[in-house]
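Colleague: One-letter residues, chain by chain:
Number of protein chains: 2
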Amino acid sequence: MIVKYYKDVPLESDPNGKKAGIRWLLSKKDGAKNFAMRMIEVEPGGSTPLHSHPWEHEVYIVEGESKIKIGDEDKNVKEEHAVFVPSGVKHTFRNIGEKTLRMICVIPLKEE
Amino acid sequence: MIVKYYKDVPLESDPNGKKAGIRWLLSKKDGAKNFAMRMIEVEPGGSTPLHSHPWEHEVYIVEGESKIKIGDEDKNVKEEHAVFVPSGVKHTFRNIGEKTLRMICVIPLKEE
Numbered sequence: 009m010i011v012k013y014y015k016d017v018p019l020e021s022d023p024n025g026k027k028a029g030i031r032w033l034l035s036k037k038d039g040a041k042n043f044a045m046r047m048i049e050v051e052p053g054g055s056t057p058l059h060s061h062p063w064e065h066e067v068y069i070v071e072g073e074s075k076i077k078i079g080d081e082d083k084n085v086k087e088e089h090a091v092f093v094p095s096g097v098k099h100t101f102r103n104i105g106e107k108t109l110r111m112i113c114v115i116p117l118k119e120e
Numbered sequence: 009m010i011v012k013y014y015k016d017v018p019l020e021s022d023p024n025g026k027k028a029g030i031r032w033l034l035s036k037k038d039g040a041k042n043f044a045m046r047m048i049e050v051e052p053g054g055s056t057p058l059h060s061h062p063w064e065h066e067v068y069i070v071e072g073e074s075k076i077k078i079g080d081e082d083k084n085v086k087e088e089h090a091v092f093v094p095s096g097v098k099h100t101f102r103n104i105g106e107k108t109l110r111m112i113c114v115i116p117l118k119e120e
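One line per chain: the protein sequences are A and B, in this order. Using my numbering, read the first sequence as starting at 9 and increasing by one per residue. Using my numbering, read the second sequence as starting at 9 and increasing by one per residue.
Possibly wrong hints are sitting among the right ones.
Note: identical chains are not told apart, hence a pair may lie in one copy or across any two.
[Stated by the list, open to error] Computed cross-link-like contacts, DSS-like style, restricted to lysine-lysine with a CA-CA straight-line distance of at most 30 Å:
{"id": "1", "residue 1": "Lys-118", "residue 2": "Lys-107"}
{"id": "2", "residue 1": "Lys-36", "residue 2": "Lys-83"}
{"id": "3", "residue 1": "Lys-75", "residue 2": "Lys-15"}
{"id": "4", "residue 1": "Lys-118", "residue 2": "Lys-36"}
{"id": "5", "residue 1": "Lys-77", "residue 2": "Lys-15"}
{"id": "6", "residue 1": "Lys-41", "residue 2": "Lys-107"}
{"id": "7", "residue 1": "Lys-26", "residue 2": "Lys-77"}
{"id": "8", "residue 1": "Lys-86", "residue 2": "Lys-15"}
{"id": "9", "residue 1": "Lys-27", "residue 2": "Lys-75"}
{"id": "10", "residue 1": "Lys-75", "residue 2": "Lys-37"}
{"id": "11", "residue 1": "Lys-37", "residue 2": "Lys-26"}
{"id": "12", "residue 1": "Lys-83", "residue 2": "Lys-37"}
To be clear, the hints were calculated from the coordinates, so they are not data collected in a lab.
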C-alpha cells in the first residue's frame, strides 16, 4: 500500500521562488497516470514564483495564510480553503502568516 | 477568483457508505478539465463503501485516523499522510478515531 507521511518525502527547493519548496507526494513513480499530488511549502515572508503554464492547479491550503494573486485579483486565504488556478493565468502564493504555508497542489500528469 | 471554504460546499451523504459524505470542492463547474478535488468526510465508526472502479484515487488525510483497506492490505493511517488507491482495486476507509475523518480525494474528471 502506498502511504506517505508528507515529511518523509524530500522537500525540493524552488529556485524561482522565495523560501519556497515542493514535495512530490504522489506521481508517476507511484503508478499515477492522470495527475500528480504535491505539497507546496512556503516559509513566512516567502512566495512561489509569479508564473503561468498551460495547465490548471487545484489547491487545498492545509496550513497557514496566503495572499494569493491570480491574474489581476488578490485575495487573502487561510487554511481549509480550496483554490482553482485556471490554465494560462499568472499566479503566485505569498505567505503572509507566521507558520509555514502548506498547500496540496494537484496538476495533470501529461504536463509533468 | 475561485476560493471555497470547505464547509461552504454542501456535504452530500453517500448512500452506500456508513456515516460518510462528500463535498465536491472543485469540479467541472469551476472550469476543471482534468480532475476533480473532493473532501470525503466520515464520522467516528463510519466508513466509505468497499468498492472498486477503473480509475485511481489520490488521497490526502487532512484530519482524523483511518483504518484503510486496499486490496488485501490493511493499514492504520493518520492525518498528514498521502495515500494512492490504484484503479480496479477494492478499497474502504474506516474512521477509527474520535474526530471526523476528513480526506482530500482527487479523481480523473473523464470518469466523473
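Colleague: Compare the structure with each hint and give your call.
Modeller: We went through each hint and held it up to the structure:
no. : hint                 : in the structure
1   : Lys-118 with Lys-107 : neither (33 Å within a copy, 37 Å between copies)
2   : Lys-36 with Lys-83   : between (33 Å within a copy, 23 Å between copies)
3   : Lys-75 with Lys-15   : both (24 Å within a copy, 21 Å between copies)
4   : Lys-118 with Lys-36  : both (10 Å within a copy, 19 Å between copies)
5   : Lys-77 with Lys-15   : both (27 Å within a copy, 23 Å between copies)
6   : Lys-41 with Lys-107  : neither (33 Å within a copy, 32 Å between copies)
7   : Lys-26 with Lys-77   : within (15 Å within a copy, 40 Å between copies)
8   : Lys-86 with Lys-15   : both (21 Å within a copy, 13 Å between copies)
9   : Lys-27 with Lys-75   : within (15 Å within a copy, 36 Å between copies)
10  : Lys-75 with Lys-37   : between (32 Å within a copy, 24 Å between copies)
11  : Lys-37 with Lys-26   : within (28 Å within a copy, 33 Å between copies)
12  : Lys-83 with Lys-37   : between (35 Å within a copy, 21 Å between copies)
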